[in-house]
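Trainee: Quick note, the sequences are listed as chains H and C, same order. Note that full-length UniProt numbering gives residue 304 to position 304 of the first sequence, counting from 1, and the numbers run on in steps of one. Note that full-length UniProt numbering gives residue 239 to position 239 of the second sequence, counting from 1, and the numbers run on in steps of one.
Read the hints as simulated data drawn from the structure, not as lab findings. Watch out, some of these pointers could steer you wrong.
[Unchecked claim] Below are the SDA-like pairs computed for lysine to any residue, each with C-alpha atoms no more than 25 Å apart in a straight line:
(1) C:K65 <-> H:L157
(2) H:K48 <-> H:N269
(3) H:K218 <-> C:A81
(4) C:K320 <-> H:G149
(5) C:K268 <-> C:D311
(6) C:K320 <-> H:H277
(7) C:K234 <-> H:S138
(8) H:K48 <-> H:S116
(9) C:K65 <-> H:R279
(10) H:K48 <-> H:V345
(11) C:K65 <-> H:T210
(12) C:K320 <-> C:P279
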Amino acid sequence: MIQPFTPEPIRFVAEDGTPVQPLPERYTPEVLRDLHRLMLQAREFDRKLITLLRQGRTTFYAQSSGMEATQVGLARSIRVGHDWVWPYYRDHTLGLAMGVPMAELISQCLGTNSDSCRGRQMPHHFAAQRQNFVSISSSIASQVPPAAGNAMAQKYLGVDEITVCTFGDGATSEGDWHAGMNMAGAAQAPALFVCENNQWAISTSIREQTASETIHIKAKAYGMPGYYVDGNDIIAVMEVCGYAAEQVRSGQGPALVECLTYRVGSHSNADADAEKHYRTREEVDAWLARDPITRLENLLAHLGHPVTAEERAALIAQTHREVDEQVLAAEATGQPDWRIMFEDVYADLPDHLRQQEAFLRAEQTGGRA
Amino acid sequence: MTATQTRPEAAPMTTGRTINLIQAVTEAIAEEMERDQRVVLFGEDVGARGGVFMATAGLQERFGKNRVFDTPLSEASIVGAAVGMAVRGLRPIAEIQFADYMGPGFDQIISQAAKIRYRSAGQFTAPMVIRTPSGGGVKGGHHHSQSPESYYTHTPGLKVVMPSTPYDAKGLLKAALRGEDPVIYFEPKRLYRAAKGEVPDHDYIVKLGEAAIRREGSDLSLIGYGGVMPDLEKAADALAAEGVSVEVIDLRSLVPWDRDRVLTSVQKTGRAVLVSEAPRISNFMGEVAYVIQEQAFDYLTAPVGQVAGFDTPYPYVQDKVYLPGANRIVAACVQALNY
Ligand SMILES: Cc1ncc(C[n+]2csc(CCOP(=O)(O)OP(=O)(O)O)c2C)c(N)n1
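Based on the provided sequences and hints, a complete structural model is requested.
Mentor: Listed below in structure tokens is the structure:
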């Protein structure tokens with residue numbers, strides 16, 4: 001049994017890789033290596049996408065570097081393709097770990113014809129039906145009430161599914177967040193709320209965001225357990241999220257997990273100068289020392305199964321190659337044309353849109369309107 | 001009258017400096033904060049970060065954290081708190097990071113800010129300004145490119161303005177801050193750095209509710225506001241090259257709007273084309289068209305033309321196709337001219 005409302009974040013592994021409590025048996029070296037592979041792949045994906053951004057091949061990117069343990073750990077705590085997920089825009093690592101093909105993520109970021117969302121949304125706002133990974137909305141916390149409703153439907157339908165809803169620390173200030181939490185609590189719906197507390201909402205620190213000591217204690221107000229976990233310790237994330245998910249699944253009502261982590265990069269390409277404006281180099285360095293990937297490598301070394309420099313380099317090279325190939329493949333499919341504007345606005349094309357489409361067709365093909 | 005003649009509003013006679021639109025916003029805020037201790041500024045990232053577009057850069061350093069501060073990420077809190085502060089005697093400027101994100105604050109805008117004077121019979125009022133970047137052309141997809149002004153023009157009690165030049169941006173913001181009503185002040189984000197122009201060194205305001213005639217003409221009145229104005233100018237240039245004399249009007253304020261200037265113009269030219277990048281249905285320009293047909297029907301030699309956004313969510317990849325653009329405006333003018 002894992003206790004909610006602990007004063008300190010729950011952790012299993014210290015920064016240097018020493019376990020601070022016994023590791024459950026399921027964490028075999030193979031399992032740990034698989035987690036490591038996913039985290040490193042996500043980190044390199046970030047690096048490559050930032051390069052694409054610099055090359056002007058995409059227009060926006062919000063990296064999740066530093067938050068890999070939280071997102072990969074969460075992905076590994078739920079039943080992919082069975083449970084439903086209402087993510088937020090920084091969750092591409094969660095998507096990758098849930099098996100959303102890299103090609104799909106890249107196509108979405110490039111807005112090409114291979115984008116399953118057809119170039120409609122800004123980069124980084126994908127949707128993946130096979131994984132029940134519901135379309136990302138930029139509007140902060142707007143996914144929380146629908147996630148509560150998704151969970152209420154699951155309860156109504158009597159299915160053995162849960163709903164996972166993620167958000168940043170900033171999102172917990174929005175009215176929608178409180179409305180959704182309260183609704184899920186009142187309905188005792190099977191919803192797992194996960195706060196990826198990376199401690200900054202663009203330039204607003206968690207201290208300026210709320211006078212609450214932590215995010216997870218807010219769960220108390222909505223009648224659900226609140227768990228506090230070291231979000232850079234992937235084993236702790238998997239243990240706590242896995243436990244909370246099971247509680248939710250077994251009909252105990254919703255739960256909130258706060259993963260304490262850190263975004264080491266900027267908020268997005270729009271504020272590449274974070275250190276200059278609002279946070280100190282020392283703070284970033286202190287968190288770099290708690291890096292989730294290094295911590296897992298330290299654990300593997302501690303267990304006598306170190307990741308060698310060659311293995312690491314090979315994995316990085318392979319990811320880079322894969323991204324490069326997928327980018328070229330995506331770009332080769334071209335950009336969706338003007339028609340995409342009119343499709344999917346409604347189930348059927350109403351008359352006024354039919355007219356507007358005809359107007360644009362005439363304009364785009366050089367004919368008369 | 002030739003197509004290229006200008007009136008004073010088109011190029012204010014100043015001895016000032018040339019700045020861009022976002023600098024004009026910053027200057028207006030700074031000067032009003034200097035002038036009036038009641039003016040406070042807050043929103044997401046407006047402090048140390050200086051705003052995501054840097055509209056408030058340096059203001060926290062200059063005026064202190066009491067007067068320029070970051071808020072929690074909550075538009076309902078930002079707008080609602082502004083209402084409370086205004087009722088208690090401050091002059092808040094609330095920044096909403098993108099017009100697309102006014103949604104969570106919508107109830108506070110329409111239920112509180114817009115109504116408190118009326119429902120209390122003037123015992124309580126909320127003079128405040130909500131500033132927000134709006135419009136497309138920046139590859140932002142639907143959550144960073146929308147033009148939601150019509151939601152607000154539809155709400156009695158709110159004033160709604162949208163400048164397109166640095167001169168107007170500064171003058172309108174100052175006037176809004178010195179007024180007694182809540183004002184929604186939309187900033188066309190694609191013109192932040194693109195629109196450059198002179199502002200005077202002395203203090204001035206641009207009264208809310210007065211349109212600007214950007215150029216005089218006799219064949220057709222081309223009317224717009226905000227981010228589309230440079231396209232109106234381009235369209236007028238193209239038509240001038242064909243010998244067509246276009247009068248270009250920038251509404252600047254939507255509520256209240258300058259019926260007189262618009263009607264006088266249409267009575268002179270007999271033709272009007274209205275341009276806005278917001279979706280067409282319930283577009284504010286529908287109101288302008290209605291008033292033109294009601295008040296100037298006898299003068300019209302062609303139906304009032306309208307160029308608007310499509311009734312689709314704002315697309316990401318087809319950003320440029322979605323926006324009206326000079327060619328589409330010219331086509332609408334030609335249609336009116338050939339009617
Ligand atoms: C309703 C709304 N307001 C403002 C924004 C602009 N915005 C985008 S991200 C962001 C900060 C979000 O911080 P947080 O929720 O902590 O998530 P993080 O980006 O740190 O992962 C803001 C203010 C938005 N997207 N939606």
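Trainee: None of the hints should be skipped; say for each whether it holds.
Mentor: Evaluation of the provided hints:
1. Of the pairs offered as hints, the one joining K65 (chain C) and L157 (chain H) is violated, with about 52 Å between alpha carbons and a cut-off of 25 Å exceeded.
2. Between K48 (chain H) and N269 (chain H) the alpha-carbon distance is near 13 Å, which keeps this suggested pair within the 25 Å criterion.
3. For the proposed pair K218 (chain H) and A81 (chain C), the alpha carbon gap of about 22 Å is at most 25 Å, so the pair holds.
4. This hinted pair does not check out: K320 (chain C) and G149 (chain H) have alpha carbons roughly 36 Å apart, beyond 25 Å.
5. In summary, the hint linking K268 (chain C) to D311 (chain C) is not supported, as the alpha carbons are separated by about 32 Å, beyond the 25 Å threshold.
6. Of the pairs offered as hints, the one joining K320 (chain C) and H277 (chain H) is violated, with about 33 Å between alpha carbons and a cut-off of 25 Å exceeded.
7. As the CA atoms of K234 (chain C) and S138 (chain H) are separated by approximately 34 Å, the hinted pair breaks the 25 Å bound.
8. The straight-line distance between the Cα atoms of K48 (chain H) and S116 (chain H) is roughly 21 Å, inside the 25 Å bound, and the hint therefore holds.
9. Between K65 (chain C) and R279 (chain H), the direct Cα distance comes to roughly 17 Å. Compliance with the 25 Å bound is thereby established for this hinted pair.
10. Distance check on the hinted pair: K48 (chain H) and V345 (chain H) sit about 33 Å apart at the alpha-carbon level, beyond 25 Å; violated.
11. Distance restraint check for K65 (chain C) and T210 (chain H): the Cα-Cα separation of roughly 17 Å lies within the 25 Å cut-off, and the hinted pair is therefore satisfied.
12. A threshold of 25 Å between alpha carbons decides the hint, and for K320 (chain C) with P279 (chain C) the separation of about 15 Å falls inside it, so the pair holds.
In summary, the structure is inconsistent with hints 1, 4, 5, 6, 7 and 10 from the numbered list given earlier, while agreeing with the others.
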